[in-house]
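For the record, the sequence lines run as chains A and B.
Positions 14 to 355 (my numbering) are the ones given, in order, by the first sequence.
Positions 414 to 819 (my numbering) are the ones given, in order, by the second sequence.
Among the hints, erroneous ones may be present.
Okay, derived cross-link-like pairs now, PhoX-like style, lysine-lysine, Cα gap no bigger than 25 Å in a straight line [unchecked claim]: (1) A/Lys41 / A/Lys70; (2) B/Lys566 / B/Lys514; (3) B/Lys742 / A/Lys334; (4) B/Lys479 / B/Lys746; (5) B/Lys566 / A/Lys41; (6) B/Lys595 / B/Lys729.
Cβ-Cβ distance ranges computed for the label pairs, FRET-style [to be verified]: (7) B/Arg661 / A/Ser240: 46 to 56 Å; (8) A/Ser240 / B/Arg669: 36 to 46 Å; (9) A/Thr73 / B/Glu435: 37 to 47 Å.
Hints listed in this document are in silico derivations from the structure and should not be mistaken for laboratory results.
Yeah, the Cβ is synthetic: ideal placement off N, Cα and C, and Gly gets one too.
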Amino acid sequence: MFLIFLASIIILLGVFTVAAFLVWAERKVAARIQDRLGPTRVGGRFGWLQSVADGIKILTKEDIIPRDADSALFRIAPYLALAVGFSWFVVLPFSEHLVVARVESAAVFLLALAGLEIYAVLLGGYASGSKWSLIGAMREAVQVVSYEVPLALCAVIPVLLSGSMDLVTIANAQSGGFWHWFVFNSPFAFLGFWVFMVCTTAGLNRAPFDLPEAESELVSGYMTEYSGFRWAVFMLTEYVIMFAVSALGAILFLGGWHGPLPITAWLGLDRLAYPWAFWIQNLAGIINLLVKAMLCTLGIIWARWTLPRLRIDQVMTMCLKYCLPLAIVAFFGSLLWKLGSM
Amino acid sequence: MSRLRRNHWLPEHWESYEIRTEEWLVNMGPQHPSTHGVLRLVLRTRGELVLEVTPYIGYLHRCAEKIGENVNAQQWIPYTDRMDYLSAMNMNLGWALTVEKLLGIEVPERGKHLRVILAELNRIASHLVAVGTYALDLGNFTPFMYCFREREKILNLFEWVCGARLTYSFIVIGGVRADLPKGWLQACENFLTEFERALPELHVLLTENKIFISRTAGVGVLPPKLAIQYGCTGPVLRGSGIAWDLRRHGEPIYTRMYDEYDFQIAAPDISGNYPRQDVFPPVPGEAVVGDCWHRFFVRMYEISQSIFIVRQALDKYSRAQGNVGEPVKHSQKLPVGEAYLETECPRGQMGFLVVGNNSPIPWRARARSSSFCNLSVLSELCRGVLLADVPAIVGSLDIVLGEVDR
Numbered sequence: 014m015f016l017i018f019l020a021s022i023i024i025l026l027g028v029f030t031v032a033a034f035l036v037w038a039e040r041k042v043a044a045r046i047q048d049r050l051g052p053t054r055v056g057g058r059f060g061w062l063q064s065v066a067d068g069i070k071i072l073t074k075e076d077i078i079p080r081d082a083d084s085a086l087f088r089i090a091p092y093l094a095l096a097v098g099f100s101w102f103v104v105l106p107f108s109e110h111l112v113v114a115r116v117e118s119a120a121v122f123l124l125a126l127a128g129l130e131i132y133a134v135l136l137g138g139y140a141s142g143s144k145w146s147l148i149g150a151m152r153e154a155v156q157v158v159s160y161e162v163p164l165a166l167c168a169v170i171p172v173l174l175s176g177s178m179d180l181v182t183i184a185n186a187q188s189g190g191f192w193h194w195f196v197f198n199s200p201f202a203f204l205g206f207w208v209f210m211v212c213t214t215a216g217l218n219r220a221p222f223d224l225p226e227a228e229s230e231l232v233s234g235y236m237t238e239y240s241g242f243r244w245a246v247f248m249l250t251e252y253v254i255m256f257a258v259s260a261l262g263a264i265l266f267l268g269g270w271h272g273p274l275p276i277t278a279w280l281g282l283d284r285l286a287y288p289w290a291f292w293i294q295n296l297a298g299i300i301n302l303l304v305k306a307m308l309c310t311l312g313i314i315w316a317r318w319t320l321p322r323l324r325i326d327q328v329m330t331m332c333l334k335y336c337l338p339l340a341i342v343a344f345f346g347s348l349l350w351k352l353g354s355m
Numbered sequence: 414m415s416r417l418r419r420n421h422w423l424p425e426h427w428e429s430y431e432i433r434t435e436e437w438l439v440n441m442g443p444q445h446p447s448t449h450g451v452l453r454l455v456l457r458t459r460g461e462l463v464l465e466v467t468p469y470i471g472y473l474h475r476c477a478e479k480i481g482e483n484v485n486a487q488q489w490i491p492y493t494d495r496m497d498y499l500s501a502m503n504m505n506l507g508w509a510l511t512v513e514k515l516l517g518i519e520v521p522e523r524g525k526h527l528r529v530i531l532a533e534l535n536r537i538a539s540h541l542v543a544v545g546t547y548a549l550d551l552g553n554f555t556p557f558m559y560c561f562r563e564r565e566k567i568l569n570l571f572e573w574v575c576g577a578r579l580t581y582s583f584i585v586i587g588g589v590r591a592d593l594p595k596g597w598l599q600a601c602e603n604f605l606t607e608f609e610r611a612l613p614e615l616h617v618l619l620t621e622n623k624i625f626i627s628r629t630a631g632v633g634v635l636p637p638k639l640a641i642q643y644g645c646t647g648p649v650l651r652g653s654g655i656a657w658d659l660r661r662h663g664e665p666i667y668t669r670m671y672d673e674y675d676f677q678i679a680a681p682d683i684s685g686n687y688p689r690q691d692v693f694p695p696v697p698g699e700a701v702v703g704d705c706w707h708r709f710f711v712r713m714y715e716i717s718q719s720i721f722i723v724r725q726a727l728d729k730y731s732r733a734q735g736n737v738g739e740p741v742k743h744s745q746k747l748p749v750g751e752a753y754l755e756t757e758c759p760r761g762q763m764g765f766l767v768v769g770n771n772s773p774i775p776w777r778a779r780a781r782s783s784s785f786c787n788l789s790v791l792s793e794l795c796r797g798v799l800l801a802d803v804p805a806i807v808g809s810l811d812i813v814l815g816e817v818d819r
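Bound conformation, chain A alone:
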């Protein structure tokens, strides 16, 4: 009990740090893409503490609930988003032994959480009492039914290949060098990875799929009426989930905490022979996973600052007409590939 409590605290702080880092990193990467500097003042030359400064500023803002808003739902929505966002880390393993709760059906649990996330957006948009917010929320609903099916189909491919829904088992099935990663397992799994990444971007409401908050059309979509701390919670959750989804992608397809080259195996660092090798492996595992997750996140950020936004009918076309058949091909292709290689 105490250990779980401790783990929650560590995860909570760690995830907040990662989210704050990602906010800063996005601003820096965006600035670099756009040929400008980004934050430069707060916390030294690179503006390290920009997120902290923003957080403090947001906490001092006036708390506004519009008169037309449904007050209770309006208040609940951001915290629902936050709760769902942090629930990801309950089952998300950071390394073979660093997982709060090792659940047999972790992959399905996370997919369910991804589906739950939309309720926050729907509630927030519905409760705001603003037309723009409601349109944003309805767009989210349309988007969800479009991307969820291909997303689930692609997320099932590693389950299929490893024969388990436990994320630790899935990652361990990819040990021993990058050629064992599921993304390089077959051309179909490779295809599946990219469809997965596209659908996760849609799930994150990030450009080019940021329709629920489409700034130039819907002012800020479901976030229009939110300000101050509640807005910050929504925004932080977005980054938390972005990191979580990237980590999930890394675990499912990119070998999780297993490095690209099996260095420990070459060096003969057997954890039975050397007890300290256990710690080294776990530490290296975390670093591996973080680096992979960050690279996926970088890809998502990169796409955001390069591509224009799709229209709602184009999102549906893209997800249902292109991603879904591709996901089906990837799924059955992987299945047949596995049968053939057995």
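Please arrange chain B on chain A, whose structure you already have, making use of the hints.
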């Protein structure tokens, strides 16, 4: 089904009800991020579908024309700056030429070339804002930054010339305020070379981008006939395939400035191809003449044509003899009579009317706004489009509310 019917909150025979969505009046603006200033649009929508768009204007009305009847012609120049603040040089030029037409004076050769340099540079700057904010309307932030980076260099050049970055009041009746400073020509050359290298970035991010094409091609198609009926001019008219450019087809006092210059009028032919297409990205198959993509591409095309014109003008200016013209005195009396002149501003044909009655102060000063006419076609274009198309269409018309309201 039968179990549901027993629920008290459902009306009797609810199955026979036609399920109908309600129409919504959505107020877009005047503080909306993508109405380019203080335009207010009232949208009648059914879900995402926009049935009708009604533009409401007047939030930026500053009585410019009335002021024009109380100051002398030279003093009205700064007010023309503030109409279309993104292309102030062109506005100055339009008013200056109109009054010069009434006075019957002509600017010396060197002054004409200097005016061409400044007007075309300002056209580039103005189109850069149009293109950049258009990308912003479609949810792409990066081209906006690239456009403003390049525009900044033009503003620096203007600042060097006249000290102002936005409202120049530099082209005045009778000439320009001053000659170019030393070293400016070389700096301008350097800018053009740099800028030509940066232009392909915009083409990659926008013109050739798959998502950009799918968002703009076939959206908001403006047939040429309708464009003429509504008095649309500038890139909006040319995007519909009508090769009409006042720099070639205008009145002599204006076209004489451009007679020696070689440039193409940016307008697609019936099949959607542009003159000298080979140096530009190909026209996508989805694009229809008169749609948002063509209106956007006409601006990109004009940017490169303007670079070409400025290059020639720099050469002609440095070889021309004489002075750049002498600004007329504030006490210069306007003869009895009237003069009307339209010039090709970046947003379309900007017309000025001046009526004199033997006094330095015009009896009537009138501005015919191109943005106003271009905006009037909006409700025709936005019939039955999706909500996301409305900013795409408004952005492609590229209006400046300061000019619409005057």
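How the hints compare with the structure:
no.: 1; hint: A/Lys41 / A/Lys70; result: 20 Å, holds
no.: 2; hint: B/Lys566 / B/Lys514; result: 33 Å, violated
no.: 3; hint: B/Lys742 / A/Lys334; result: 69 Å, violated
no.: 4; hint: B/Lys479 / B/Lys746; result: 19 Å, holds
no.: 5; hint: B/Lys566 / A/Lys41; result: 24 Å, holds
no.: 6; hint: B/Lys595 / B/Lys729; result: 17 Å, holds
no.: 7; hint: B/Arg661 / A/Ser240: 46 to 56 Å; result: 53 Å, holds
no.: 8; hint: A/Ser240 / B/Arg669: 36 to 46 Å; result: 57 Å, violated
no.: 9; hint: A/Thr73 / B/Glu435: 37 to 47 Å; result: 40 Å, holds
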